[in-house]
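Participant: Residue-level listing of the chains:
Protein chains: 2
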Amino acid sequence: MSENEESCDVAVLGAGFAGLAAAVAIADACKAGAKPCKVVVLEARERVGGRVYTTTLADGTWVDLGGQWLGAGQERLAHWLARYRIATYPTWTKGDNVLLWQGQRTRYRGTIPKLPLTALLGVAWAQLRLDRMAKQVPLEAPWQARKAAEWDAQSFGSWLANNVGSEQARQLLSIGMETVFAEHANNYSLLHALFYIHSGKNTDTLLGSEGGAQETRVRGGMQRLAEAMAQGLDVRLERPVRRVQWSADGAVVHCDGLTVKAARVILTLPPPLCSEVAFEPPLPPSRQALHQGMPMGAAGKCVAIYDEPFWRKAGLSGMCVSDEGPCHVTFDSSPPEGKPGVLLGFVEADGARELGKQTESERQKSVLACFAKYFGDQALTPRIYVDKLWEHDPWARGCYGAFCPPGLLLAHGPALRQPTGPLHFAGTETATVWSGYIDGALSSGERAAREVLGHLSPRPSG
Amino acid sequence: MSENEESCDVAVLGAGFAGLAAAVAIADACKAGAKPCKVVVLEARERVGGRVYTTTLADGTWVDLGGQWLGAGQERLAHWLARYRIATYPTWTKGDNVLLWQGQRTRYRGTIPKLPLTALLGVAWAQLRLDRMAKQVPLEAPWQARKAAEWDAQSFGSWLANNVGSEQARQLLSIGMETVFAEHANNYSLLHALFYIHSGKNTDTLLGSEGGAQETRVRGGMQRLAEAMAQGLDVRLERPVRRVQWSADGAVVHCDGLTVKAARVILTLPPPLCSEVAFEPPLPPSRQALHQGMPMGAAGKCVAIYDEPFWRKAGLSGMCVSDEGPCHVTFDSSPPEGKPGVLLGFVEADGARELGKQTESERQKSVLACFAKYFGDQALTPRIYVDKLWEHDPWARGCYGAFCPPGLLLAHGPALRQPTGPLHFAGTETATVWSGYIDGALSSGERAAREVLGHLSPRPSG
Numbered sequence: 001m002s003e004n005e006e007s008c009d010v011a012v013l014g015a016g017f018a019g020l021a022a023a024v025a026i027a028d029a030c031k032a033g034a035k036p037c038k039v040v041v042l043e044a045r046e047r048v049g050g051r052v053y054t055t056t057l058a059d060g061t062w063v064d065l066g067g068q069w070l071g072a073g074q075e076r077l078a079h080w081l082a083r084y085r086i087a088t089y090p091t092w093t094k095g096d097n098v099l100l101w102q103g104q105r106t107r108y109r110g111t112i113p114k115l116p117l118t119a120l121l122g123v124a125w126a127q128l129r130l131d132r133m134a135k136q137v138p139l140e141a142p143w144q145a146r147k148a149a150e151w152d153a154q155s156f157g158s159w160l161a162n163n164v165g166s167e168q169a170r171q172l173l174s175i176g177m178e179t180v181f182a183e184h185a186n187n188y189s190l191l192h193a194l195f196y197i198h199s200g201k202n203t204d205t206l207l208g209s210e211g212g213a214q215e216t217r218v219r220g221g222m223q224r225l226a227e228a229m230a231q232g233l234d235v236r237l238e239r240p241v242r243r244v245q246w247s248a249d250g251a252v253v254h255c256d257g258l259t260v261k262a263a264r265v266i267l268t269l270p271p272p273l274c275s276e277v278a279f280e281p282p283l284p285p286s287r288q289a290l291h292q293g294m295p296m297g298a299a300g301k302c303v304a305i306y307d308e309p310f311w312r313k314a315g316l317s318g319m320c321v322s323d324e325g326p327c328h329v330t331f332d333s334s335p336p337e338g339k340p341g342v343l344l345g346f347v348e349a350d351g352a353r354e355l356g357k358q359t360e361s362e363r364q365k366s367v368l369a370c371f372a373k374y375f376g377d378q379a380l381t382p383r384i385y386v387d388k389l390w391e392h393d394p395w396a397r398g399c400y401g402a403f404c405p406p407g408l409l410l411a412h413g414p415a416l417r418q419p420t421g422p423l424h425f426a427g428t429e430t431a432t433v434w435s436g437y438i439d440g441a442l443s444s445g446e447r448a449a450r451e452v453l454g455h456l457s458p459r460p461s462g
Numbered sequence: 001m002s003e004n005e006e007s008c009d010v011a012v013l014g015a016g017f018a019g020l021a022a023a024v025a026i027a028d029a030c031k032a033g034a035k036p037c038k039v040v041v042l043e044a045r046e047r048v049g050g051r052v053y054t055t056t057l058a059d060g061t062w063v064d065l066g067g068q069w070l071g072a073g074q075e076r077l078a079h080w081l082a083r084y085r086i087a088t089y090p091t092w093t094k095g096d097n098v099l100l101w102q103g104q105r106t107r108y109r110g111t112i113p114k115l116p117l118t119a120l121l122g123v124a125w126a127q128l129r130l131d132r133m134a135k136q137v138p139l140e141a142p143w144q145a146r147k148a149a150e151w152d153a154q155s156f157g158s159w160l161a162n163n164v165g166s167e168q169a170r171q172l173l174s175i176g177m178e179t180v181f182a183e184h185a186n187n188y189s190l191l192h193a194l195f196y197i198h199s200g201k202n203t204d205t206l207l208g209s210e211g212g213a214q215e216t217r218v219r220g221g222m223q224r225l226a227e228a229m230a231q232g233l234d235v236r237l238e239r240p241v242r243r244v245q246w247s248a249d250g251a252v253v254h255c256d257g258l259t260v261k262a263a264r265v266i267l268t269l270p271p272p273l274c275s276e277v278a279f280e281p282p283l284p285p286s287r288q289a290l291h292q293g294m295p296m297g298a299a300g301k302c303v304a305i306y307d308e309p310f311w312r313k314a315g316l317s318g319m320c321v322s323d324e325g326p327c328h329v330t331f332d333s334s335p336p337e338g339k340p341g342v343l344l345g346f347v348e349a350d351g352a353r354e355l356g357k358q359t360e361s362e363r364q365k366s367v368l369a370c371f372a373k374y375f376g377d378q379a380l381t382p383r384i385y386v387d388k389l390w391e392h393d394p395w396a397r398g399c400y401g402a403f404c405p406p407g408l409l410l411a412h413g414p415a416l417r418q419p420t421g422p423l424h425f426a427g428t429e430t431a432t433v434w435s436g437y438i439d440g441a442l443s444s445g446e447r448a449a450r451e452v453l454g455h456l457s458p459r460p461s462g
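In order, the protein sequence lines correspond to chains A and B.
Using the numbering used here, the first residue of the first sequence is number 1, and each one after it goes up by one.
Using the numbering used here, the first residue of the second sequence is number 1, and each one after it goes up by one.
To be clear, the hints were calculated from the coordinates, so they are not data collected in a lab.
Check the hints yourself; a few may be wrong.
Just the calculated beta-carbon pair ranges, DEER-fashion [unchecked claim]:
#, chain 1, residue 1, chain 2, residue 2, range
1, A, E360, B, L139, 33 to 43 angstroms
2, A, K261, B, P90, 32 to 42 angstroms
3, A, P336, B, P419, 41 to 51 angstroms
4, A, D256, B, E6, 18 to 28 angstroms
5, A, E308, B, Q136, 51 to 61 angstroms
6, B, R129, A, R383, 55 to 65 angstroms
7, B, H455, A, P336, 54 to 64 angstroms
8, B, D323, A, D28, 52 to 62 angstroms
9, B, P419, A, K35, 28 to 38 angstroms
10, A, R243, B, Y108, 27 to 37 angstroms
11, B, E167, A, D256, 54 to 64 angstroms
12, B, R129, A, P90, 53 to 63 angstroms
13, A, K261, B, E167, 48 to 58 angstroms
14, A, A248, B, F310, 56 to 66 angstroms
Backbone N, C-alpha and C define an ideal beta-carbon position, used for all residues, glycine too.
Working from the sequences, and respecting the hints, build out all of it.
Facilitator: Dropping the structure here:
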C-alpha cells in the first residue's frame, strides 16, 4: 500500500448526511466569497450516505435499507431535497392498521389502537406528561434543565415503572419508544429521552406517519439525495480513518493508503466509532467519556417484495403494531407507482440482536411468519426478501443513533459539540433539532461548517 | 518504521496483571508438559503493570499511583506475591479517623463515623439489604439472578433514592460506593453494583481497611510484583495494538512497527480500549455492545510527601471521609519504615474530572487545602506533591475499571468471557471474584490461560 500524502483546508470525516452537508456548505461559502478552499471528504465505505442506504434488487425494485423518511417539520431535509429537485411522495397509509396484542388481532384507524380504556388513558396521560417535561429541556443544553439531575439519574424504563400504572400502557409505550431509540427503555436516561422528544417536537410527532416523522418518502430512495450532494465534492471512498494527529495549527489524518493534512477537521462519526480512531494527543476526558459511554442502538430493516400490495385489497394499510416479534412495527414501503408491494418490518434492540444470530434463511422464515400473522398467508411468498441489521455494519455498529445511559448527558453533554483544537464535531447525535434523524445530521453538518468557516484563512497559493 | 513479522503460539495483548498472569501460567504449563510454546506479550506502554504503577520521586520515596492494596481474602494476589517472595506490610490505620461532614469535623474509631443515629441506621440497613441482594447474584452469571431484570432496569442511584429515606445515609453510601466504582451512583446499574459487592464478598469488605480490601500494602510498591512476573517473559513494550485480523485458524496482530501471527490471542484490554482496535472481521454485536457500552470510571490519586507523618502525633490515622472535596477519602500511605509521611487522597467521578481541568499547580493547591482541612495546616507544606489522573492516561482512559450502565449486563453480560474464534478475553472486568481489583485481573488471566491451553497443539518445529 503506497502512502500518498495530500493537504487541504478542511478534511471531513464521513460522507453521511452530516459530512456531505458540511462539505457542500463550506464549498458554497468559499465560492460565494471567491475564497479558494480545498475540502476533502474521507469515507470508510465504498459508497456515500452513511446510515442511509438505498439498494436495487434483482427485479429492479429499489429499497431503502437505512433512513427513509422526510418527517413533518423537518426543514433542513426538505431544504436539501428541494435544492436538488428530488421528488417525494406520501408514505402509503390508507386503510386499517392492525394491532396484534396479547394474541388478539384487531383493526383500527388513525393512531389509537383498540385497547382497554385504562391502557389507552395510561398511554395518553404518559404522553402528556412526557411532552410537558420534554418542553422544559433546553435543546442547546439539556443538562441545564431545572430538573436535569433528577431526570438523568433514572432510566426511561425506571420512569415508566414508577409512573405508569397500567402494564399494557407501559408495554405499548416501551414498544413505541423502542422504535424511536432502537434500545430497551432501561438503557437510556429519562433526560436523553425528553431531549429527544423535544428535539423531534413531541411524542405524537416521533411516533406518527401523517403529520409525523414517518410522513414522506423519496422517489427512488433517500440515498439519491446523498449522491446528488456528493456530486462536485472531492469524496474519497474506502478510506477509513485510523489516526488523527492534531495540534493548534492543524491536523494530519491517516487513512488506509492516504494521509491528509488539514487546517480544520470535521468529524461526523457517531461517538462510539470515534473510539476506533487513535487521537494524538488524546482528546479531553469529557469527549472520551462520550466515545466510551454512548453506545449505538440495535436496529434492522426487514423487507419483503410482493407482486402486489395484497393487504390493500383487504382494506389494510400495511401498518401494524404488535407485542409479538420479531417485527413489532411494520409499514407499507411500496414505491409511489403502487407496484410492487413492499412490506417493511423493523427489528429493534434485543429483538434485532436475536434475529442477528440467525442465518439469512432463518431470518427470512421468521420475518415472513411474522408478516403472515399480521396480514395473512399471502405474506409468506414474496418475490424477494432482503434485510439489513445495522449492528453488523462495521461502519455503523448499530442504529439509529447513539444514546445516553443515565448520568452521561448531565456530566459530559457539553462535550458533544465542543471543538477541540482544529477538530469540530458533527453528526446527528450532536444536533439540537431532530437529533437522531437525517434532518439532524444535515443541520449538524451545516453548523460545523459555520464553525470552520469562522476559522478559515485564505489558503496561500501552492 | 520497519514492519517486522513474527509468529508465536499465543499473543497476549497487555502486560497488566491479567496479561502477565496469563503469560506466566501458559509458560508454566508448557514447561511442565515439556511442550515448547512461544508466548509474546504486547504492551502499549513503556512499562509493565497496567493500572498498577509505582514511581520513585526525587527524594527516593516510592509511591503507588495505581492499584496498591492486597485485600483480605484476595487469594490469587496473595498467591502471586508469595510466589515471588514479595514482602507486605499492614496499611497504617492506628489512631482516630476524621469525619468532615456538613462543615463539622469530628474524630471516630473503627468504621462507624459520628453521624446522627437515623443516618447510621439508614446506612446499616441499606448495607444489610445490599449484601443480602448481592448474595443472590451468581458470580459466574449475574444475568441469571432471579431478579436480574428488575435490578438491571435501574441505576444504583435510583435504588438509593427509592429505598434509603435518610438523605445523609444516601450521601454517605453514595460517597462510599463512589470510592469503589469511581463513578456516580446514577451511572451504573443496581445489578452490576450487586455483582461487584458479591464479587468482593460484601459492602464492609469493599469499604474497609482491616479485614477489607484496603488491608495490606507491598513493600516497595505493587509494581514490583508486575516486574517480577515479567522476568523471563517475552514482553514487547511500546507496541500498541492497532488491528487484529482473525479466523478460525489464528490471528494476525498488527502493532506499531511489529506484526505477530499467533494461534491464539488473549486480550486483556478493558472493554472501552478494545474499541480502539480494528477487528477484521468485526467481532459479534454482543461483544461490540460491551466495547461501546461499558465506560471506565474516572479516578485519580493525589499524594503529598511530608518529612514525618505529622498526623500520628495528633492521634490521627490519616484516614478521612468527607462530603467536601476534591478528595472525599484519604489514607496514610506511608512506607513501612514510618518515614516519610505519605498522605493519599482519592478523587473520583466528577470530582476527578473537575480536578483534571486544572493545571498541576492549581491541583496541588486545592488538594493540599483539602488535606489541611482534614489534618491541620502542616498538610500545606509537603516535600513533594504528585498526582495521577487515570482518565488522562491514553492506555487506561479511566480507572478503576469499566462499569455497566442499566440494561447492559442483562443483555450482553454473557459476551464478557465468551471466546470468539482464536480470541480469548481476560482483564479484571471479566473476573468473577474480586472483579475490578488486582486479584480479579490475576484470576482472569489464569482462567484465559486455561482456555488457551485446552486449544494449543504442539508447535511444529521451525
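Participant: If a hint holds in the structure, say so; if it doesn't, say that too.
Facilitator: Structure-based check of each hint:
1. A/E360 / B/L139: 33 to 43 angstroms: Check passed, 37 angstroms falls within 33 to 43 angstroms.
2. A/K261 / B/P90: 32 to 42 angstroms: violated (57 angstroms)
3. A/P336 / B/P419: 41 to 51 angstroms: holds (50 angstroms)
4. A/D256 / B/E6: 18 to 28 angstroms: Cβ of A/D256 to Cβ of B/E6: about 23 angstroms, so the range 18 to 28 angstroms holds.
5. A/E308 / B/Q136: 51 to 61 angstroms: holds (56 angstroms)
6. B/R129 / A/R383: 55 to 65 angstroms: holds (59 angstroms)
7. B/H455 / A/P336: 54 to 64 angstroms: Because 56 angstroms falls inside the window, the suggested range holds.
8. B/D323 / A/D28: 52 to 62 angstroms: holds (54 angstroms)
9. B/P419 / A/K35: 28 to 38 angstroms: violated (55 angstroms)
10. A/R243 / B/Y108: 27 to 37 angstroms: violated (52 angstroms)
11. B/E167 / A/D256: 54 to 64 angstroms: holds (55 angstroms)
12. B/R129 / A/P90: 53 to 63 angstroms: Since the Cβ atoms of B/R129 and A/P90 sit about 56 angstroms apart, the hinted range of 53 to 63 angstroms holds.
13. A/K261 / B/E167: 48 to 58 angstroms: Hint holds: Cβ distance 55 angstroms, inside 48 to 58 angstroms.
14. A/A248 / B/F310: 56 to 66 angstroms: violated (44 angstroms)
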